[in-house]
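Residue numbers (our numbering), protein chains in the order written: chain C, 13 to 265; chain V, 13 to 265; chain A, 13 to 265; chain G, 13 to 265.
Hints listed in this document are in silico derivations from the structure and should not be mistaken for laboratory results. Remember, predicted model here, so these are calculated numbers, not experimental data. Hints may be right or wrong, so weigh each one.
Note that the list lumps identical chains together, so a pair holds whenever it fits in one copy or between two copies.
Claimed, not checked - Simulated crosslink set (EDC-like; lysine to aspartate or glutamate; CA at most 20 Å straight-line): (1) Lys143 to Glu254; (2) Lys105 to Asp176; (3) Lys102 to Glu70.
Protein chains: 4
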Amino acid sequence: MSAKINITVWNEYRHEKQEGHLADLVRQAYPQGIHGAIAGHLRAADIEVRCATLDEPEHGLPDEVLNNTDVLIWWGHIAHAAVSDELVDKIQKRILSGMGLIVLHSGHFSKIFKRMTGTSCSLLWREVGEKERIWTIEPSHPIARGVPSSFVIPHTEMYGERFDIPQDGRIIFMSWYEGGNVFRSGVTFERGHGKVFYFAPGHETFPIFHDPTIIRIIGNAVRWAAPAEYIEISCPNSPALETVYSTDPTGKK
Amino acid sequence: MSAKINITVWNEYRHEKQEGHLADLVRQAYPQGIHGAIAGHLRAADIEVRCATLDEPEHGLPDEVLNNTDVLIWWGHIAHAAVSDELVDKIQKRILSGMGLIVLHSGHFSKIFKRMTGTSCSLLWREVGEKERIWTIEPSHPIARGVPSSFVIPHTEMYGERFDIPQDGRIIFMSWYEGGNVFRSGVTFERGHGKVFYFAPGHETFPIFHDPTIIRIIGNAVRWAAPAEYIEISCPNSPALETVYSTDPTGKK
Amino acid sequence: MSAKINITVWNEYRHEKQEGHLADLVRQAYPQGIHGAIAGHLRAADIEVRCATLDEPEHGLPDEVLNNTDVLIWWGHIAHAAVSDELVDKIQKRILSGMGLIVLHSGHFSKIFKRMTGTSCSLLWREVGEKERIWTIEPSHPIARGVPSSFVIPHTEMYGERFDIPQDGRIIFMSWYEGGNVFRSGVTFERGHGKVFYFAPGHETFPIFHDPTIIRIIGNAVRWAAPAEYIEISCPNSPALETVYSTDPTGKK
Amino acid sequence: MSAKINITVWNEYRHEKQEGHLADLVRQAYPQGIHGAIAGHLRAADIEVRCATLDEPEHGLPDEVLNNTDVLIWWGHIAHAAVSDELVDKIQKRILSGMGLIVLHSGHFSKIFKRMTGTSCSLLWREVGEKERIWTIEPSHPIARGVPSSFVIPHTEMYGERFDIPQDGRIIFMSWYEGGNVFRSGVTFERGHGKVFYFAPGHETFPIFHDPTIIRIIGNAVRWAAPAEYIEISCPNSPALETVYSTDPTGKK
Chain C
13 MSAKINITVW NEYRHEKQEG HLADLVRQAY PQGIHGAIAG HLRAADIEVR CATLDEPEHG
73 LPDEVLNNTD VLIWWGHIAH AAVSDELVDK IQKRILSGMG LIVLHSGHFS KIFKRMTGTS
133 CSLLWREVGE KERIWTIEPS HPIARGVPSS FVIPHTEMYG ERFDIPQDGR IIFMSWYEGG
193 NVFRSGVTFE RGHGKVFYFA PGHETFPIFH DPTIIRIIGN AVRWAAPAEY IEISCPNSPA
253 LETVYSTDPT GKK
Chain V
13 MSAKINITVW NEYRHEKQEG HLADLVRQAY PQGIHGAIAG HLRAADIEVR CATLDEPEHG
73 LPDEVLNNTD VLIWWGHIAH AAVSDELVDK IQKRILSGMG LIVLHSGHFS KIFKRMTGTS
133 CSLLWREVGE KERIWTIEPS HPIARGVPSS FVIPHTEMYG ERFDIPQDGR IIFMSWYEGG
193 NVFRSGVTFE RGHGKVFYFA PGHETFPIFH DPTIIRIIGN AVRWAAPAEY IEISCPNSPA
253 LETVYSTDPT GKK
Chain A
13 MSAKINITVW NEYRHEKQEG HLADLVRQAY PQGIHGAIAG HLRAADIEVR CATLDEPEHG
73 LPDEVLNNTD VLIWWGHIAH AAVSDELVDK IQKRILSGMG LIVLHSGHFS KIFKRMTGTS
133 CSLLWREVGE KERIWTIEPS HPIARGVPSS FVIPHTEMYG ERFDIPQDGR IIFMSWYEGG
193 NVFRSGVTFE RGHGKVFYFA PGHETFPIFH DPTIIRIIGN AVRWAAPAEY IEISCPNSPA
253 LETVYSTDPT GKK
Chain G
13 MSAKINITVW NEYRHEKQEG HLADLVRQAY PQGIHGAIAG HLRAADIEVR CATLDEPEHG
73 LPDEVLNNTD VLIWWGHIAH AAVSDELVDK IQKRILSGMG LIVLHSGHFS KIFKRMTGTS
133 CSLLWREVGE KERIWTIEPS HPIARGVPSS FVIPHTEMYG ERFDIPQDGR IIFMSWYEGG
193 NVFRSGVTFE RGHGKVFYFA PGHETFPIFH DPTIIRIIGN AVRWAAPAEY IEISCPNSPA
253 LETVYSTDPT GKK
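Sequences and hints are given; from them, build the entire structure.
Pasting the structure below:
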């Protein structure tokens, strides 16, 4: 692994290319695409940023890219089904051997997040542009470094409980919504040797990915999720380490 | 749900139909197939038992069977890949809405168990017929009811750590092997509204599924995993429950 | 254990005996004391209810009472420090061997809850009589049986995050408060062979313990926490179960 | 916090001062005391080491020492009860605000470890000098850095399951014993803002604390448990952050 953390910001990148008023709003909020915005904000001395999108060959993640990615950031919304199962298999394998994964907002329904959790990742949702207040539940966690005890997103899409995720999801942030809902909006998992962070804030028409606190959290998560080393997962036949005195009566071996 | 627990014992049922010395040993240990042995031992006043096998139409699990199964017991070994992804999707969905799943021994590598865990489920293994001692870690858990603090399986296949499973796997049993290994051999998970139990003991040529303690544990697990009710998982748009005063400046909605 | 679940409702019972306007409000909400109200609501065919209060001899929990209690319900607020450490030791020991514990509202700061968690159990709080909306996070958990997906307490004391509890607290309920806070308001723990449920709603001047949904939850928790059996915890010298070939070179033994 | 990690190695230091054959063996294994041995092995460019023992004033941990300790290492065996409850209160408070705690071997029964876990921490034990094989369960955890997948302690005291600890204990190491037992021998907890590591190997008459792999693990644990910052835990009254429209009908406030 290089001295820098190699991250790849993956964006479905379909909203931005559609026609109509909604797509205009997306382009207005994110002129370089959502990936472009996030990538621009994350560039730093210790982070090497690359982008990849769905409609590129191999969805922008051929082996030479994936195998040089330390942390993969994932945004998807309207085209989850278009991601090939073969790529999901490869991403999962790389996560299990150490690569970090950061899943943003509507990525809760991506194939890769559902693959890593084993659950449906369903939730309640509502798009009325209401206020969200995010609470920092674990202020001493690396992902929360420098984040206030609570902060506001003035207009957001509501994501509410029950969020169908495994019980070992460690809650770093929880959200309050004006309309009466609550949500585990920042949750970590460890699977194999890899770290996964799901972070709910962020939306295609609200400028949430330009909010400095949101960017700080994603940057913290990148540094938290970057592996110190990669460990290949295998399932080897393993000779006895201590003397075996029992005998197998079937004579099979 | 009926007053009885409807269980389906699923067996790959390939070993039993092969030719050669190994297959003879399997047939000798399990003349009615592994599913037949387990089904026979589990029949009880409160349990209605059905069997299903890989080579039946729809792998023996058409909708009318799956949707009337409260607890699915899974044995597979040499043909995991032959199970269709479509069926795995259906089983996962039913588990998330409440159905119990009990995965036995080499089923650790089944598509459905890897789907539910999100991990590789890899481990160390060795087949020399050595002695295994199983320790009861949670004697007050329903799955351990009536099980001694430790008990012996005289000849077994070793399954050893590191076992690649999620960290919320609750350890009910741990195993000691003569050859120097240890293993989390009885582990529970909850995913969606369903309960999952992985139990390592059991092998195609050793008569482990005739051991009364092993059968007691599987029977306990059936009663533990049977749902009190089924809850459909959905992801609905949800109107505000409290007044929303913020306005969406984009005019999107 | 008898066929019935023997519960003891413990109340500090100091508020009710004070003078002044605040105490008048408490007496108005709970003419028989908070313990009397809860006890009255929980009496059922399968539950045998007893009460105990701080100022009785041995705080109302002599050995013959404690050792016949299957589930202990705990309310305290202004006199946590008056509970003897010796009694806390005894209660902890009984919980570890199987007794259930249900801690209500301001009991978060009781000696026994802090003892069982190992944490400070601190939180944010505010008493302005605001609205609380409680979300059911685990609808298939026994404690949530028959509880709607969300419900309202019209006037409550706010308890907000960060709640300093261990990370294995399983979240059954989460609360939304009008004033902008969120809280893990119904959380379970298992310690030794005993089950613990912390439930935040309830207050000395609001009639929350007369709310049928609140009472249903506490009743569900009683049935969930009642042990199937008691298992004494000991730390025995344990002879080798397998042959030890190594020798101790120090000659100590 | 200084650039260095300030650690304090606390030793009961009673065995070493007793008379008789057993005490001779202890002195032979640890001529400078157990604390002296551990302190000597841990001294490094990034670690500042201090020692403290039970029979010093304030058990060697007056406020100016405790409040300048980033990671406390704890060894105790025959005099747990002699540690004052007042000191245990102070240590717990400092851990909850960020200090790390590493508990060694017979320290499982120390007041501070039982305080942090809320459980009895009981286990099975046997002193016949048998062989122990330690398995690394989480090779990618910082505590396991550079540790082989399994390694042997030739002569040890057996500590076996069931180990009465909370379920969120993350298993870093598991042990196999020649005499047939298994044990969660390296387990982490997080409580408040502090990290806790329990590590079973180590004994007063076996030279286990001179084993380079054991010392590497303890050193790794020191670096893992050292806090990035301290966060005081408080329980403040917290004014509403959003407008409260409900009114309190009791007129209490």
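* **Hint check, failures only** => Checked against the structure, no hint fails, so every one of them is satisfied.
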